[in-house]
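Asker: Sequence:
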Amino acid sequence: MSEVIVAGAGVGGLAAAIALRQAGHRVTLLEKSTQDGTGGAALGVQSNAGLALRALGVARPVLADGIPVREYLLVSWRGRPLAGWSLEQVAARLGVPSVTVPRATVMSALRAAAPAATTGATVTGVTEDATGVTAHLTDGSAVHGDLLVGADGLHSAVRPHVTGEHTPPVDAGYVSWRGTAETTVAPVAGGTAVHVVGSGRSFGAWPLPGGRTYWVATLARGDDPWREFAGAPPVATTLLDATDPDTVLRTPIHDRDPVSTWHTGATVLLGDAVHPMQPTTGQGASQALLDALALATALRGVDLTDPRARRRALDAYQARRAPAAEEIVAEARQLGRLHHLDSPVATRVRDLVLRATPRRVWQRRTEARLDELELLADWNSPTTDQEAFSWNDTH
8 MSEVIVAGAG VGGLAAAIAL RQAGHRVTLL EKSTQDGTGG AALGVQSNAG
58 LALRALGVAR PVLADGIPVR EYLLVSWRGR PLAGWSLEQV AARLGVPSVT
108 VPRATVMSAL RAAAPAATTG ATVTGVTEDA TGVTAHLTDG SAVHGDLLVG
158 ADGLHSAVRP HVTGEHTPPV DAGYVSWRGT AETTVAPVAG GTAVHVVGSG
208 RSFGAWPLPG GRTYWVATLA RGDDPWREFA GAPPVATTLL DATDPDTVLR
258 TPIHDRDPVS TWHTGATVLL GDAVHPMQPT TGQGASQALL DALALATALR
308 GVDLTDPRAR RRALDAYQAR RAPAAEEIVA EARQLGRLHH LDSPVATRVR
358 DLVLRATPRR VWQRRTEARL DELELLADWN SPTTDQEAFS WNDTH
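Each residue of the sequence shown is one higher than the last, beginning at 8 in this note's numbering.
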């Protein structure tokens, strides 16, 4: 049985630890934070992420605590519909709904199924030799294994060992504020996610349990969403007014350009450590979950002390995941620019183009992004939770 070190106990790291253990490897999980990881507002668990959670055996508590998102609606600054597509239609085909759920629910479900993490364990460097790989920690200690999985996020300490680069993430040029309003508004209350796009700003809203609403306000300029969205449609102003400013989280938006390799020797990357993306597609956590499953699938039955076998498996993992993840990074970057055009003329042209695009185009694009049935079929772990889900399972 091979020894795997997973650096990072976020969504991707926890999922990797679960899946790799199910695939027959011993796992040591390291996490630099001493917090429980349940902070943050909410997560959008789209159908592809739901499929991944189901494969790991942890979907039911997440779906049970989430609110189904049936429709996605894009509207102009004046409140006029620009585009829309059905997530309920995707859910009917894939068998798992898209839901919005408190982040704490997802993290708790994953932690319950994962090996216990060693907290306060910050990786500062990586070395490799003929016996495997060593993760060096800030306290001077070290952890040795046959494979190191870097799942340590945007500012990954493992990434430079793989890529040979020490470049900072790419600044997208705008900042997001995330909050939870203790109220709801139409049409969010009926299960529709609403995204308002203006000039240099956007506002998204998703339903949460208990009549609450998760929202994200993003600005290309300015540092006060309450002031900048004063003239926005009521879906934005009502939710902002119903939110305690002290509970709002501010996050500068970054991503990275694609890299040629996701692994080297006995070290491999997943999630934001290798392909951080802007949040415009809502796919960051989903792609990390899919990375974890693809990695564990590629490593099932592989002797990780055999360099050739290990390299073949890691090549297969990258070949499976890199094209899809890099496409979503590019799409998210494109949408980020589109949503935050900072010129009145460009904004008007954008709105005209969005309104003229047929609904079927948006629907096909969404379905193609979320369809991961092939990956899930390849995983097909005998220990996974394979119940069928319906809309009635989630409120």
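It should be emphasised that the hints constitute simulated quantities derived from the structure, not laboratory data. C-beta: ideal position from N, C-alpha, C; glycine also. Just to be clear, a hint being listed does not mean it is correct.
[What the hints assert, rightly or not] Computed Cβ-Cβ distance ranges for the label pairs, DEER-style:
id	residue 1	residue 2	range
1	Gln370	Ser40	25 to 31 angstroms
2	Ala326	Ala375	42 to 48 angstroms
3	Pro365	Gln42	42 to 48 angstroms
4	Glu172	Leu345	40 to 46 angstroms
5	Asp253	Gly127	40 to 46 angstroms
6	Ser40	Ala363	28 to 34 angstroms
7	Pro365	Glu172	39 to 45 angstroms
8	Ala326	Val352	56 to 62 angstroms
9	Val368	Glu95	14 to 20 angstroms
Asker: Now look at each hint and say whether the structure bears it out.
Answerer: Verification of the hints:
no. : hint                                 : verdict
1   : Gln370 to Ser40: 25 to 31 angstroms  : 39 angstroms, violated
2   : Ala326 to Ala375: 42 to 48 angstroms : 19 angstroms, violated
3   : Pro365 to Gln42: 42 to 48 angstroms  : 46 angstroms, holds
4   : Glu172 to Leu345: 40 to 46 angstroms : 28 angstroms, violated
5   : Asp253 to Gly127: 40 to 46 angstroms : 27 angstroms, violated
6   : Ser40 to Ala363: 28 to 34 angstroms  : 47 angstroms, violated
7   : Pro365 to Glu172: 39 to 45 angstroms : 42 angstroms, holds
8   : Ala326 to Val352: 56 to 62 angstroms : 43 angstroms, violated
9   : Val368 to Glu95: 14 to 20 angstroms  : 18 angstroms, holds
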